[in-house]
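**Q** These are the residues of each chain, in order.
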Amino acid sequence: MALQHYRLPDVGEGLTEATVLAWLVAEGDRIAVNDPVVEIETAKSVVELPSPYAGVVSGLLVPVGQTVEVGTALIAVEDGVGAEVAVANEAGAGAEPEAEAPEAPASQATLVGTGPRELKQTRLPRKTAGNTLAAAPPSEVDVRTLAKPSVRKLARDLGVDLAAVTPTGPDGTISQDDVTAAATQHGGWTGFLAERGETRIDVTGIRRATARAMVESAFTAPHVTEWTDVDVTRTMELLERMKTMRMFRDVRITPTVLVARAVCVALRRNPELNSSWDEKNSQIVRKSYINVGFAADTPRGLVVPVIHDADAMSTYDLAVAINELTRTAREGKTQPANLVGGTFTITNIGVFGIDAGTPILVPGQAGILAVGQITRRPWVVEDRVEPRWVTTLAMSFDHRMVDGAEGSAFLSDMAEILRDPGSTLILA
Amino acid sequence: MVQLSMAKAITAGLSRAMDRNDKVVTIGQDIGKLGGVFRITDGLQERFGARRVMDSPLAEAGIVGTALGMAQRGYVPVCEIQFDGFVFPAFDQIINQASRLRFRSRGQVTAPIVIRLPYGGNVGSIEHHGESPEAYFTPTPGLRIVTPSTPADAYELIQQAIDSPDPVIVLEPKRLYHSLKGEVDLDAPPSGELDRARVVRLGSEVTLIGYGPMVSTLLSAAKVLADEGHSAEVVDLRSIAPIDWATVETSARKTGRIVVAHEAPRTSGVGAELAARTQERCFYALEAPVLRVTGLDMPYPPSRVETDYVPSVDRVLQTVDRALAY
Amino acid sequence: MTSTNAWTPRIVGDASEHPDDLATGTPADGIETVQLLDAEGGAVRHPTYSPQLSADEVRDAYRTMFLARRIDVEGTNLQRQGQLALWAPAKGQEAAQIGAITALRPTDMVYPSYRELAMAMHRGLDPVAILQIMRGISHATWDVDALHFGLFAFVVGAQTLQATGYAMGVTLDGADEVVLVCLGDGATSEGHVSEALNFAAVFNAPVIFLVQNNQYAISVPNSAQFRGAPAARAAGFGMPGVRVDGNDLLAVHSVVAEAAARARAGGGPTLVEAMTYRIGAHTTADDPTRYRSREEEESWAGRDPLVRIERWLREQGTPDSYFSDLAAEGDELATDVRARVLALTPDGITELYDYVLAEPSAALVEEREQVIAYLASLEGR
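Chains as they are written, first to last, in this note's numbering: chain B, 7 to 434; chain L, -6 to 319; chain R, 875 to 1255.
For the record, the hints were derived by calculation from the structure and aren't laboratory data. Please read these numbers as outputs of a predicted model, since none were measured by experiment. By construction, the Cβ of each residue, glycine as well, lies at the ideal position given by its N, Cα and C atoms. Check each hint, because a few of them may be wrong.
Derived Cβ-Cβ restraints for the label pairs, each shown as a range [as the list claims (entries may be wrong)]:
1) L/D12 <-> B/V70: 34 to 44 Å
2) L/D220 <-> B/P173: 29 to 39 Å
3) B/V70 <-> L/G67: 53 to 63 Å
Pairs of lysine-lysine, DSSO-like flavour, derived with a Cα cap of 27 Å [to be verified]:
4) L/K26 <-> L/K174
5) L/K247 <-> L/K216
6) L/K247 <-> B/K154
7) B/K133 <-> L/K216
8) B/K159 <-> B/K339
9) B/K339 <-> L/K247
10) L/K216 <-> B/K126
11) L/K174 <-> B/K126
12) L/K174 <-> L/K216
13) L/K26 <-> L/K16
14) B/K159 <-> L/K247
Chain L is nowhere near these chain R residues, computed Cβ spacing over 10 Å in every case [said to hold, decoys possible]:
15) A880
16) S924
17) A1201
Sequences and hints are given; from them, build the entire structure.
**A** Structure follows, in structure tokens:
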């Protein structure tokens, strides 16, 4: 025995609700399919509704005069049969003990049709995971490297050859991280052009700033460069000894540490090199503090992070500071505060396998020291020719502030300290 | 401020326009005595008389063609075409005449008419009553095409369309006529921005672009995305000819990912134009290809399966998932 | 019951002196409305037309009309019960439809509009095929060639051009066939209908344009639809036009039979305007109380096509049992149709890709695969 409910349908006149005007049957009446059971008033007119069910009226569910929404059950009819036959419900409705009225679609007043069905405003529950709207996989015959436009542009800007990059992005594509990693490894422009012709690189950001600074410096300060070759074997031996010392156990010791120490000593003795030129006031400003800058080549260009008061640091602290500085520069994360205030700069061109150069002063500084590669070279030691650790020190200075004698004195102090680290005891 | 359904908002907008300008007249099938099959012109004939609210013979070409003539005589006709699927007898008058009069005559003759067209599906109806034919009109130079997504928009757009010196097709989402209610400021003068899109929800990771009945679908999708920790921006184009590219491109550059939704079939739809132009203008800002969620490339199906045809919230979300994966 | 093919008409007068009682909605345009059986079932003598149906044939026609109305009522009820999106009632137009179609051969092609339930049933179309359109299960899908009955046309008047073309094909074949196309009073305003009439006349096509003038196109009465009656306009296109009482089965039959004979003999097209009344609303979504009066509806109720034939049948001696048996048959048919309609399930949307092009394009195939995959991934599908 199944209880059927006749729910108020959308009778197609743009109604969302209707008022029950009169019941045409009573509880207990036996009715046939299509017997008019109720008179309703819509916003526009009066409509008689015919019963979809045959059976005995078991309940009039809405009192006369009440206004109800479409979908509200109006009347219950006991149809005297089992589960409702031949009712097409939407898939998934299943057999329910109390059969619902045959799908009266959730109405909406449209005046034509049944109106929109209720649509789920959420994700639908899934049987299988995975996005069926995935794009077609890349064609097997693709010869081009796969990277999206923004990644290609980045590669161009950084001078990275996509053909040499291992893709780790989705769908076998080269990701942005893949490109930046490749750029950091190669350290700059690799010079490979995939096609013959020209490539244009926009000059922005750091490169632009650096260029401006170099122009300012090169064409304002009269640069003089002096160089000298130095037998640094003893410094190298000192380095080896330092590496075994417990004090330096947890810090990386490189020649740069000792060069920096030497610079601090030499600057104390030759303060002209620790000055800046004040054009406006026609003054030379001599600094008593020593802030050493270390030129670093990063993926984004040349930056010169500075260690402030390097002369006041212990060798250990200096080593730590240099390591930290190198790491952050390579990651492009140098703090802005550490990029200003330098009084003297060291540039390590030895990492490029170069001996000497003519470095350009950092604007506002009096001197910049280029340290070349430390290699085994034939050297005269007590009238014998022996292989020794030799490097070239090349220093440019601003001839407005530093005259030849002063510049030479600084450089020769540097040479002496590195040739014979023990002389520091005398010179410092 | 009042709460109005979209249908009543359009009625109010029409009424206000007819009040402000005696030259505004309306013509269409069953719009007078009956008040229109959707009751949009309900009460207007009583208020303004049969001279200004004309029941026309059953002839869409006749409705649009005579409107052009009335316009040339100085009237501002608002045509009602009864259903999207029945606009085609008027196609010649729209394409060969209305859209070109100004161009043909170098401004000597113009076509300041409005063509109101209920459109869109998921209304449970039979053939020709649930279509989205906008792509037959959007490539036509000389036509303006607008479509409201809210009652407030509908109130504004109908008045702006009537004020416009160009021929304007107002596509009215019929499934929202009576089901969607919203706040309408009846005293606000229309702000004159007929071709301005609107960012209806701010977001940062993906831009969802739609118009008419799809806007609420996109807003629902954005809500789900927010619950899932993603920020979606929703742009309601409002005008699909011309498109407000400034708003679209700003959003595209901001998020880098675009998903377009429309009920009309995929091929050569408005989504195709959006995809072409944004990839052209915002190439480097894009993190993913422009993706479209659309009606299928088949004629509008029987209503029992139309919910598989019209883009659902779930399909939009699946497409957004794809865009975010790039 | 003894069947007899002869019947004894109760003559009520000659056409010339019998007033045209179709005063409502009929313009005073001097065009005669042919009538052979008045509203009370009395025979009218006409100078040109005479009844062509035997008593048995009338009884058969009545049965179809009755069953069609029974199914029509069921259609309205099903809509009121939320089972159909829409129903466009044919109630009141049964004689116009059956009178016309019985004047044709079963192999003559008929192009309906969207209200020709009675004609469809006469041709043997299962009413469920029509109800399923209204239920949103499918569009029109019946076997047009087998039934010689075209698809329901919802774009008003578009079928007239196709019917004319079909008739042009009949001429090319030299076949002994006529074509009947159905349209309403509103349809005659559409431009393509004028084109069809003109083409038919120019090509001398064997097509009968049956305009069922049910007085309204939704809410628009004839007076706002046209000033020249469809029957009068025929001459303007170069073909004969006849107006007939559309609720008079015998008159419609005779007029269409004459037009069919003319077409078969190479005499070209005819326009037949059948004056009838749309007893119900335009569709179940419509509210006629907004534009027509109860008085008008009641006066047309007095001209009901079924009532006058029932009266005539009873006068001819048809017993009560015939009518109660027929009512029972109608209820049984309606119950069966109802059950089958409620059991209908639609094809999945992906089936429909087979019907876009003769052979689907690669892009369509790809889209279909995607939709199949998407739907298959959802729970409950």
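**Q** Compare the structure with each hint and give your call.
**A** Here is what the structure says about each hint:
Roughly 41 Å separates the CB atoms of L/D12 and B/V70, a value that falls within the hinted 34 to 44 Å. Distance hint check: the CB atoms of L/D220 and B/P173 are about 33 Å apart, consistent with the given range 29 to 39 Å. A hinted range of 53 to 63 Å holds for the C-beta pair B/V70 and L/G67, which are about 55 Å apart. Among the hinted pairs, L/K26 with L/K174 is consistent with the structure: their alpha-carbon atoms are about 25 Å apart, no more than 27 Å.
For the suggested pair L/K247 and L/K216, the alpha carbons sit about 19 Å apart, so the restraint of at most 27 Å is met. For the proposed pair L/K247 and B/K154, the alpha carbon gap of about 17 Å is at most 27 Å, so the pair holds. Straight-line distance between C-alpha atoms of B/K133 and L/K216 comes to about 23 Å, which keeps the hinted pair within the 27 Å bound. Simply put, B/K159 and B/K339 have alpha-carbon atoms about 22 Å apart, close enough for the 27 Å limit, and the pair holds.
For the hint pairing B/K339 with L/K247, the CA-to-CA distance comes to about 25 Å; that is within 27 Å, so the pair holds. Between L/K216 and B/K126 the alpha-carbon distance is near 13 Å, which keeps this suggested pair within the 27 Å criterion. As the CA atoms of L/K174 and B/K126 are separated by approximately 19 Å, the hinted pair is consistent with the 27 Å bound. Distance restraint check for L/K174 and L/K216: the Cα-Cα separation of roughly 20 Å lies within the 27 Å cut-off, and the hinted pair is therefore satisfied.
Distance hint between L/K26 and L/K16 is fulfilled; the C-alpha atoms sit about 21 Å from each other, no more than 27 Å. For the proposed pair B/K159 and L/K247, the alpha carbon gap of about 18 Å is at most 27 Å, so the pair holds. The Cβ of R/A880 sits about 45 Å from the closest Cβ of chain L, beyond the 10 Å cut-off, so the non-interface label holds. At roughly 35 Å, the least C-beta separation between R/S924 and chain L is larger than 10 Å, which holds for a residue marked as non-interface.
Once the 10 Å rule is applied to beta carbons, R/A1201 is consistent with being away from chain L; the minimum gap is 31 Å.
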